[in-house]
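Student: Spelled out from the first residue to the last, the chains are:
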Amino acid sequence: MTSFTVTTLDLEAGPVVEFAGELDSASAPRALQAVEAISPRPGQQVVLDLTGLLFCDSSGISALIAARNIAHSAEAGLALAGVPRHLARTLVLIGLDTFFTTYATAAQAQAAWPESPAGG
Amino acid sequence: METTFSALLEDSAEDLYENAPCGYLSTLMDGTIAKINATLLGWLGHERAELLGRRRFADLLPVGDRIYHETHFAPMLRMHGEIGGIALELVRADGTRMAVLVSSTVKTSANGTAQLIRTTIFDAGDRRAYEHELLRARQEAEQERDRVQLLASTLQRTLLPPSLPDVPGMDVAAYYHPASADEVGGDFYDLFPLTGDTWAFFLGDVSGKGAEAAVVTSLTRYTLRAAAVQEPGPASVLKRLNTALLKDQHGATPRFCTAIHGLLEPAGDGAKVTLASGGHPPALVIRHNGAAELLDTRGGQLIGALPDARFVEVELRLRPGDTLLLYSDGLTEARTHGRVRYDEEDLRDWADTLDVGSATETVAAVSLLLDSFGDGVDDDTALLALSVRLLGDERP
Amino acid sequence: MDARRRNNVTVIGCEDAPTVLLAHGFGCDQNLWRLVVPDLSKRFRIVLFDHVGSGRSDVAAWSPQRYTTLDGYAEDVLEICAELDLRDVVLVGHSVSAMIAVLAANREPERFAKLVLLTPSPCYLDDGDYRGGFTRADIDELLDSLESNYLGWSAAMAPVIAGNPDRPEVAGELEAAFCRTDPAIARVFARTTFLSDNRADLADVTVRTAVLQCSSDAIAPREVGQFVHDRIEGSVLVTLDAIGHCPQLSAPEQTAAAIAEFAGAR
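Chains as they are written, first to last, in the UniProt record's numbering: chain V, 1 to 120; chain E, 1 to 396; chain F, 1 to 266.
Just so you know, these hints were derived from the structure itself, not from any lab. Using N, Cα and C, we set each Cβ at its ideal position, and we do this for glycine too. Any given hint could be a false lead.
To give a feel for the contact side, a few chain E residues facing chain V, derived at Cβ under 8 Å [said to hold, decoys possible]:
| # | residue |
| --- | --- |
| 1 | 114 |
| 2 | 205 |
| 3 | 207 |
| 4 | 235 |
| 5 | 256 |
| 6 | 258 |
| 7 | 279 |
| 8 | 281 |
| 9 | 307 |
| 10 | 310 |
| 11 | 316 |
Use the sequences and the hints to build the structure in full.
Tutor: Here's what the structure looks like:
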């Protein structure tokens, strides 16, 4: 059995969504729902914290791209934090290593975001 | 308070037995009824004297349940000393039936000899109605499952070539390992002649599964087939595919694929291969001397997700005895024993130890490798291998 | 082909003694013999097995093509005999396996020394003057009953798997699988069992045969035992003082003695 958990943190510096476990076709819809539920405001940055992600297949990649599309269509930003090595490898393989903005940790992602989240 | 207590005290064991909310029945080991409570007599509509010493428990059952009793219930009770929760029907004196749940235990004497069988019977009218519903739902689900499997296998066949064509001077082999009989997989491959001596091939993997993925697979296959004829090279073919898939997007979740597409031309005693990758795991080349290498196609982006996707083209030469292997990520994402995933480097290292000289042998070896993963392969896996025949090997 | 594994074959008892092959009937597995095995194994070499779809047989080996007739099961019996190189076998078939034994013995009579048909019935359906004991409607009801017990079966298994601390003699690993049958296979087996008509095969039996019946049996009534005895030339008929369809459980000593007496006789 694979398992997947999603935790949404509504931090002062903006929303952080933690994906942990296995992100595949079974869990991808849940991952995406969590991002949609945030309804990011323009100028905000959504951080996907992937530190606990054990596995990510093509459906998972699809969910990450969709998450970015959702954020961008709301004029918000999206960053990946704590990308595990296996996923970093995959992102290189599929030519998306520069497509996503990535940071080592969620805190670094938030610190790097130029706009004030409180303004939105 | 006082009266309640005295009523409780007067609640004799006898009364509890006779008027319990369930039926009680004691029988000899051969099933002959020795004792029965008023509740059960009331349900059955029998007089006590009609049953005691005259009838067996099985006589109260309709014939189907009687057979079940003789072939299952009684043997299991004998062997285990108890049996519980069995759904049966009882036949009332007036011929009507009553759904019940039956539990029995064998009472043994101090020296372990079986003495009698105690049976408790619950009215299960409600539960049986519920079970009938479950049963009907199960039967429908089973029929649905058969139908879905048939549909999936039919659809799958239309997405793969029925057989590979003969390519002069080459050995070609393919393999498809579906992860599930219920769902159409997202993997595809093809090999077909272009103009002159040139052949085109591709292998890819559409994100997701099921009918929606099958639609994308179908679109992808036909776009690649058409574009391969019209476009000058593999990278521009993949660009065409990228545009076609982007136009076909619905909703936020992209439907993309990863693929390797290549052209094969005879050159000297071998063949020249030009191929482009769109985010697909690197192809593997196994040289005649046994050395295996991964073709570096990094930088090629997945197809159908980004408006201006880039694709990377590489060229290589296959000499007699060399094999080019394309595979989908079911292979390199398989869980090997334990939880470790198998990756491209593992595949290359494994291939390095192989002693194979043709596409057919390579595909056979990889399919054995897949078998060894057993349940570890939770995604579909497609394989396509091309090798240049060794000189003097004229087998068709 | 590995019949030993497919049919979960067990061999116990005296190595050099005559071989008694025990074939269980519909509804259970080789554990049904466990109360007669201690007595029989003192004098015979005992071979036990599970029909495909029952007990610990290899369920993957089951196919509707092979097992919708009793011939497929008879074939399995012959394959077990061949693989273990069993000769001069005393084949004991209970319930539906009595007819499976008849089919096997008619196919390869040289393989078998004797047949013991325990509570046999060549045809469960009434047919003209023949009284099998059941009407077609009865059998349909049985098949329905198997359907509706689908959930009951799983419940019935629960205490079995948990073991039975009060009865250590029946607790143990083997019991975990006792009478466990795949419900889907059981439905097909029930249909095969109760709709087969092997009356014509009885006259072809050339192996020495004993018919053991119970004094009262709801599944195989005494007139059916008599019918089998009448049709198999030279057969002996033994009526056990036992009630029900499974005398090896309800009267194990008597049943073991009757099998041993016939099997051991010259």
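Student: Now tell me if each hint is right for this structure.
Tutor: Hints, one by one, checked against the model:
Violation of the interface hint for residue 114 of chain E is found here, the shortest Cβ-Cβ separation to chain V being roughly 43 Å, above the 8 Å cut-off. For the restraint placing residue 205 of chain E at the interface with chain V, the shortest Cβ-Cβ distance is roughly 6 Å, inside the 8 Å limit, so the hint holds. Among the interface hints, the one on residue 207 of chain E holds; its C-beta lies about 4 Å from the nearest C-beta in chain V, closer than the 8 Å criterion. Given the 8 Å rule on beta carbons, the hint for residue 235 of chain E is violated: about 13 Å separates it from the nearest Cβ of chain V.
A cut of 8 Å between beta carbons decides the hint on residue 256 of chain E: the least distance to chain V is about 7 Å, and the hint holds. Residue-level restraint check for residue 258 of chain E holds (minimum Cβ-Cβ distance to chain V is 6 Å; threshold 8 Å). Annotation: interface hint on residue 279 of chain E holds; nearest CB of chain V at approximately 3 Å, less than 8 Å. Taking 8 Å as the C-beta contact cut-off toward chain V, the hint placing residue 281 of chain E at the interface holds, the least distance being around 6 Å.
With 8 Å as the threshold, the beta carbon of residue 307 of chain E stays out of range of chain V, its nearest partner Cβ sitting at about 12 Å, so the hint is violated. The interface hint given for residue 310 of chain E holds, since its Cβ lies 7 Å from the closest Cβ of chain V, which is under the 8 Å cut-off. With its C-beta approaching chain V no nearer than about 19 Å, residue 316 of chain E sits outside the 8 Å limit, and its interface hint is violated.
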